[in-house]
Amino acid sequence: MSALARPSIIGDALETAGAWLLALVWALPILYAFWTAFHPGEFATRFSLLAPWTLENFANAWNAAPFARYFLNTVVLVTMILAGQLVLCTLAAYAFARFTFVGHNVAFALVLVQLMIMPDVLIVENYRTMRLLGVLDTTLAMALPYMASAFGIFLLRQTFKTVPRELDEAARVEGCGPLQTLWKVYVPLAKPVYIAFGLVSVSYHWNNFLWPLIVTNSVSTRPLTVGLAVFSGSDQGIDWSIITAATFLSVAPLLVAFLLFQRQFVQSFMQAGIK
Amino acid sequence: MSEIVVAGITKAWGGVVAVDRVSFTARAGELLVLLGPSGCGKSTTLRLIAGLEEATAGTVQIGGRDVTQLPPSARQIAMVFQSYALFPHLTVAENIVFGLKVRRVPAAERARRLQRVAELVGLAQLLERKPAQLSGGQRQRVALGRAIIAEAPVCLMDEPLSNLDAQLRQEMRAEIRALQQRLGMTMVYVTHDQTEAMTMADQIILLREGRIEHSASPDEIYARPATSFTARFIGTPPMNLLRLADSLGGAAIAASNGPAVLAGHGEAMLLGIRPEHLRIANVGGVTAEVVASEYLGADTVVQCRIGDQSLSVRGAGHLRLGKGTPVRLTWSAEDAHLFDASSGQRRTDGPAMLAP
Amino acid sequence: MRSKGWGVLIAGPRAGARVTRSARNMAHLYGWLLLLPAAALLALFTHYPALGTIYHSFYSTPRANRPSVYVGLDNYQSMVEDPVFWQAVTNNLIFCIGTIPASIALALLMAVWVNGKIRGRGLLRTAFFTPTILPMIAVANIWMFFYTPDYGLIDQIRGLFGLPGFNWLGTRNTALWCLIVVTVWKEAGFFMIFYLAALQQIPPDLSEAAAIEGSSRWYFFRRVTFPLLMPTTLFVLVNAVINSFRMVDHVVVMTRGGPDNATSLLLFHIYEVGFKFWDVGYAAALTVVLLAVLALVALGQFFALDRRIHYR
Amino acid sequence: MSKSWTTKLATAALAAALSTGLGGVAIAPAAAQTEVSFYYPIAVGGPVTKIIDQMAADFEKENPGLKVKPIYSGSYQDTITKVLTALKGGDAPQLSVILAVDIFTLIDEDAIVAIDDIVKTDEDRAWLKSFYPGFMENSQTGGKTWGVPFQRSTPVLYWNKELFKEAGLDPEKPPRNWAEQIEFAKKLTKRDASGNTTQWGIQIPSSGFPYWLFQGFTTQNGLRIMNTAGTQTYFDDPRVIEALQYWIDLSSVHKVHPPGITEWGTTPRDFMERKIAMMWQTTGNLTNVRNNAKFPFGVGMLPANKTPGAPTGGGNFYVFKKSTPAQQEASLKFMKWVTQPARAAQWSIDTGYVAVTPAAWETDVMKKYVAEFPAALVARDQLQHAVAELSTHDNQRVTKVFNDGLQAALTGAKPAEQAMKDAQREADRILRPYRR
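So the protein lines, in turn, are chains R, F, S and D. Per this note's numbering, the first sequence starts with residue 1, numbered consecutively. Per this note's numbering, the second sequence starts with residue 1001, numbered consecutively. Per this note's numbering, the third sequence starts with residue 2001, numbered consecutively. Per this note's numbering, the fourth sequence starts with residue 3001, numbered consecutively.
Source of the hints: derived by calculation from the structure; they are not laboratory data. Note that the Cβ used here is the ideal one computed from N, Cα and C, for glycine as well. It cannot be assumed that every hint is accurate.
Unchecked claim - Calculated Cβ distances over 12 Å to all of chain S for the following chain R residues:
# : residue
1 : Gly18
2 : Pro52
3 : Asn60
4 : Asn63
5 : Ala68
6 : Val76
7 : Arg98
8 : Arg263
Stated by the list, open to error - In silico lysine to any residue, SDA-like type, Cα no more than 25 Å apart, as pairs:
#  : chain 1 : residue 1 : chain 2 : residue 2
9  : S       : Lys2117   : F       : Gly1015
10 : F       : Lys1101   : S       : Arg2222
11 : D       : Lys3255   : S       : Leu2160
12 : D       : Lys3321   : S       : Pro2067
13 : D       : Lys3414   : S       : Gln2201
14 : R       : Lys161    : S       : Tyr2151
15 : D       : Lys3186   : S       : Tyr2151
16 : F       : Lys1130   : S       : Leu2199
17 : D       : Lys3255   : S       : Arg2222
18 : S       : Lys2117   : R       : Gly18
19 : D       : Lys3255   : S       : Ile2094
20 : D       : Lys3294   : R       : Ser220
21 : R       : Lys191    : R       : Leu132
22 : D       : Lys3255   : S       : Gly2159
23 : D       : Lys3190   : S       : Ile2154
24 : D       : Lys3067   : R       : Ser220
25 : D       : Lys3333   : D       : Lys3165
26 : D       : Lys3255   : D       : Glu3183
27 : D       : Lys3050   : R       : Leu14
28 : D       : Lys3414   : S       : Val2089
29 : D       : Lys3321   : R       : Leu115
30 : D       : Lys3186   : S       : Leu2163
31 : D       : Lys3186   : D       : Val3289
Unchecked claim - Label-pair distances were calculated between CB atoms; the ranges are:
#  : chain 1 : residue 1 : chain 2 : residue 2 : range
32 : S       : Leu2296   : R       : Leu50     : 22 to 28 Å
33 : D       : Glu3162   : S       : Lys2276   : 38 to 44 Å
34 : F       : Arg1182   : R       : Val163    : 48 to 54 Å
35 : D       : Thr3198   : R       : Leu50     : 21 to 27 Å
36 : R       : Phe261    : D       : Tyr3434   : 25 to 31 Å
37 : D       : Asp3058   : S       : Gly2072   : 56 to 62 Å
38 : R       : Phe261    : F       : Glu1209   : 36 to 42 Å
39 : S       : Gly2162   : D       : Glu3162   : 23 to 29 Å
40 : D       : Arg3290   : S       : Phe2161   : 35 to 41 Å
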C-alpha cells in the first residue's frame, strides 16, 4: 500500500491508532476474563493492580465438575470425527476428482446440499434417527452426523483435481491399483490441505455445542462445551472467578495451540476459505 | 522539456544494495533502455524513477524538477508493467481511462481521448471486453493504451514484452518504438533481451550487480564495448574472449602455435573478437579445430577449439565442416578488442593489434 | 487391486479413447464404491432428515396413549397462531441485520489493516482472530459477566463517566443487541481471514498502477479492491446468513430466549419446542421454515448474486 | 435393564450349577439379587455424589439381596430428558429423582406407578403420611400419590444485617408483610449525588423460572394458581394481577428493586457485593451465602400479605412402570430407608435441602444443627404455609407461557393484566385437550 498516494503523517498515525484501538477492544474481553480467572473472587468485580495472583479458581473449578472426564470426552469426540472425516472425505473426493460414474454430477450436487443444511439445523429428525439406532448419549451419536463433511469432500476434490494426471499415470505404469495410487500419490500431495482441514475441523468440533447438548445427558459422554454450560448454569448462583477459570480450562488446549501455531492456524483457515 | 536525470541513485534493503550510485540522463524524446541480466537492479532503478520505491540516496529529476520526494502520481509519468496490471473487473475502456477518471477529466474529453488511443493501439473493436477475454498481445495493447492516454511526457516500461511469443514480440517492438517517436515521449524501457535493446534504443545502459557497466548508443556499445562483460552480453553468439600468451614477436593466443596477434606483452589480457568478424582462410591465420557446427539457414555458427579455449565462428551460408577438421582463422586488426583479464576493462593503451 | 482394467479406469480424454465397456463399468462401480460410505452418512443425516422433517410436519406428536396421526396443516396452523414463532422470526431478522453488515464491514477493515504495513500487525491479527477459535459457550460466559448490571465490566466503565448501572440482558430492548454484539465480536475475525486471503491474491502491481495514475487509497479501494473482493464478500455473506440461523449457543447460555422471548431465535425456538416440550410434530413444522430460509439463501447465491459479480 | 437382570439371573444360576457340579466344594453365591438402577440429578453444590453412593452402599449392607445402582444423571433437565428418551428406547431406570413438577409429564407418558399401588402394609401407609403436607401437594393428583418427597426446598428471605443497621432498622427484624417490605426497602435503597442507585433495597430474581418466586406473591395473596388435576390455571385471577403489580411497582413506582429482568444466577453475588440489601432465594443457597458473605445476614420467611406463603420446589422419587414387582418392592424399601428421620436429617444437613418429615426435625442430630444454625429452621416453619409449585399437564409449555407473561409485565412490554390474560388464554389452549 505504500505505493499509493501517501497519506499525511497525521492520517497515518490516526489510522494506526484506530487499528490499535479496535484490537484493544477485541482483546479486552479475553484479557479481563483472564485477569479475573487468576485473581481471588473479591477482585472479580474491581480491578486493582495490587490484587494477588492465584490458581485457586482453577483448582476449585477442576474439583467442582468432572472436567478431566469432559476433556477426555471432547478429545475422543474430536478424534473420532476427524478420523471419520479424513477417511470418508478422501474416498469420496477421490471418486469425484478422478472417476466419471453414472450420476456423479447429481451426486456431487447432493453432497453440496450439506454446505447449506448443516446437521446443526436438523436436530429434531437426527435425534429421532439416533433413538432408532439406539445410540443416544454416546460419542458416536455426537460424531455420526458430521463424519461425511461436504466441506471436506469439496476441499479435497479441488485439491485432487490439481494433481497432474501424469503423476497418476506414472503410478499406474509402476503397477499401483486405484487405492494404492490414492494413498501413494494423492494423499501425500494433499498434505497441507489435510492439515488445514484438520485444524478447522478440530476447532469447529471442539467448540460445537447444540447437538452434543441434545444427544448427551451423562458425564461419561458430555463434551467440554456442554459440561461448561451445565457447570455455569447451576441453580446456585454464579461465581465469576470460578466460571472464568472453568472457561479458560476448557479452551486452554485450543487457545495455547493457537497462540503457539498462529501462523499455521491462520494459513489453514485461509486455505480452507479460498477453496 | 522532459529530460530525466538520475543522479547517484541508491537503493538498499537492509545490507543488500540493489542499486548502487547509478547516474544517467535520458534526453527528452529519447528511448533509453536499461539492460542487464536478472537481478542486476534494472527494474528497481525503473521503480525508483517511478517513485514506487523510496531511494536510499541520490536524486531523480524529471523535466528539470526534482521529484525524488514526490509520490508516483505527482511525477507526471505513465508506466507499463511486466504483468500489465490490468484491473480484471473493468472493461478495456474502463481500464484505459482509469487514470483520467482519477484525475477527474470530464467525460467528453475522456471519450475523445479514448477514441484516439484505441485507434492508435488497435483496440477500437474490443473496448467492452474484460481483460480475461483478450489475448496476450491485446492485453499488452491495453496496458500501452493506458500508459499513453495520460499524455504524460515520460513513459516507463518494465519488460513489457516478456510475456509474449517471439513473433508478437518483434511486431510490438516496432510498434512501441514508432509510437514513442510519434508522440515524442521520453521513454525508459527495461529489458533483459539485448535484441530489444539494440533494435529500439537511442541509448543503452547496461547494468550489472546494481552498477552501470556501460552506457552508450547501440552502435557504440556494440563496436566498442567498455568491458568484457558488455562484450559478451551484447551480440549473439557472444564475443569470443581468448587468453593470450607471450611468444615470438609479441603475444599469441594461449596454447596456439602462433602467429602473434599483439605487438607486445599479452599476459593478463584477453583478446576479443566477434564470431562474425572471424573468417575461415586457406592460408595463414591461427589454426583451430572444429568441434561442432550449427546451421542456421542464412549462416552457420561453427564451434572451434584452440588448445583448451573454445570460440565460435560465424560464416555465411552452409559451411560443411566435420568434427575434427582443422581450420585457419583470420580477422582484421581493427575488429579485435583488448580487455584486462582481471578487471575486464577495455585496454586502449595496450600494444597494437596485429592481423594474423 | 492390480486389475488390468485399472489402466482405463481413470476417466479422461486420453484414457477415454480406448475405453472398453467392461472397463467403463468398472469405473462406475469404483466411483460408487468410493463414494458409498460418505454418501450413506450424508443420506442418513442430511437428506433423509431434511425430507423426514417435511413428512413429520404433517403428523401429530406421538404421546403415550395417542400415536402419531396425520393432521394435515395443523402444525402449520399452530405456527401461524404462535406468537413466539413470529417473535423468533422477527428476532432472527433483526439479528441478521444487526450482525451481518457489521461483522462483514469490520472484517474488511481488519483485513485491510492487517494486510497493510501497520506497526505490530502480528499482534493485531492475533487480537482480531482469537475470538474465532473460542467456543461460543465460553464466549457467552465471558460476556455475560461483562453485561452484569452495576459491577460488570461495561457498567464499571460507564460508571467512570458517572452513568448508572444498566440491566443489559434483562431489558427487552437491549438483550438482543447484547447477543448481536457478542456475535459480531466473535465472527468479524473469522471473516477477516477470508478477506485477508483474498487481499493477498490481488497482485501488488495493480495498486502500483493505480498509484501512478494518482488514485487515492480510498478511490483504489472503492474502484478496485472492493470489486475484486466481491466473490469473497458473497462467500462471507452466505456464511454469515447461515450462521445467523444456526448459532444459538449464546442464547442458551445468556438469556434462554428471555426476557419474554425477546432473544428467542428460530433455531432456539425449535430446540425448546423439540426438546423441552417434546412436541416433535410442531418442531418439524418449524424446522421446515428454517430449511426454506436456507434454500432461499442457496437459490439467491446461485442465481442473483453469483452472476453479477463474475468477471473471470 | 430388565433384560440384563434376566441375564444376570441366568449367569448366576449357571455359575451355581457349575460350582456345585464341580464337586460341591464352593459355596453357592447368594441367591438371585434384585437390582434397582436409580437416576439422580444434582442441583445444588456439595459432594452429593459421594453421599448418594455411600447411602446406596449402606442400604445394600443392611438389605442383603437388594442392590441399588445410583447413576448421576446431570441437572433436573438432563434427568427428565434422559428418562423420557430411555423410556422409548429401553434401558430406563426403575427409580429416579425428578422435579416434583414433572409429575403430569410422567403420568402422561405412562412412565410411573402410583406409590399407593406398591405400598402393602399399614406401616408403609403410615410412612406415606409422615411427610409435610406442603411437599405432598406436588406428589398427589387424582387422589393418588405418585412421588415421594426427597430433595425439596423453598424460597426464603435473606437480608444483610449490616445494611439494616446502617439504615436504622433493627437487624434482627425482617419485614413481615408487603407494606413493611416496601418500607424497609425504601430505607435500604441508596442513591448517589447524580441520582444513580448504588444500593437496592430488594431483589427478587426473574430470569429462567420467575414463576417460582412469583408463586410466593400469589400464595401470600391467598391463591393457588392451578388445580390439583393439573388441567386448569388461574393466571388472570385478580389476586395474581395484584401480586404481579406489587412486584412491578417495587421497581417502577417505589424504585427499590432493579428494573428489568434480574438474573437468578447473579443474585447471590449481588447480595454478597452489597448491591442489594434483601433477596428472595432458595434455601439451597444457604451454605453458599454462609460461606461467602463477609457480613452477618439473616434468613426469614417471605413477607406475608393476606397470609404467609411460599411454593415448594425440588425433586421427588418416582418409581417406574418398566420394573418387576420385586424391583418395585426394593425401590419402596430404599425410599423408606432413605427418608427415615435420622437419614433425612443428615441429608438435609449435608446438602441444604429441607428435611421432608416432621420427625426428622425431632432427631438429636437435627436439633443440634438447628441450635448452631437457626436459619435452617426458617424453611421448616414456612412449610406449614407452603403450596405446590406450579405443575400442570404439558408443564414446560404452560410454565413458559406463564414465565413469558411475567417477564413481559416486568419489562414493561405489557401491562400486568394484559400479560396475565394472554398467558391464561395460551394456557387454556394448551390444557384444553387434557380437560376431557
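| Which numbered hints does this structure break? | 1, 7, 8, 13, 14, 17, 19, 20, 21, 25, 27, 29, 32, 36
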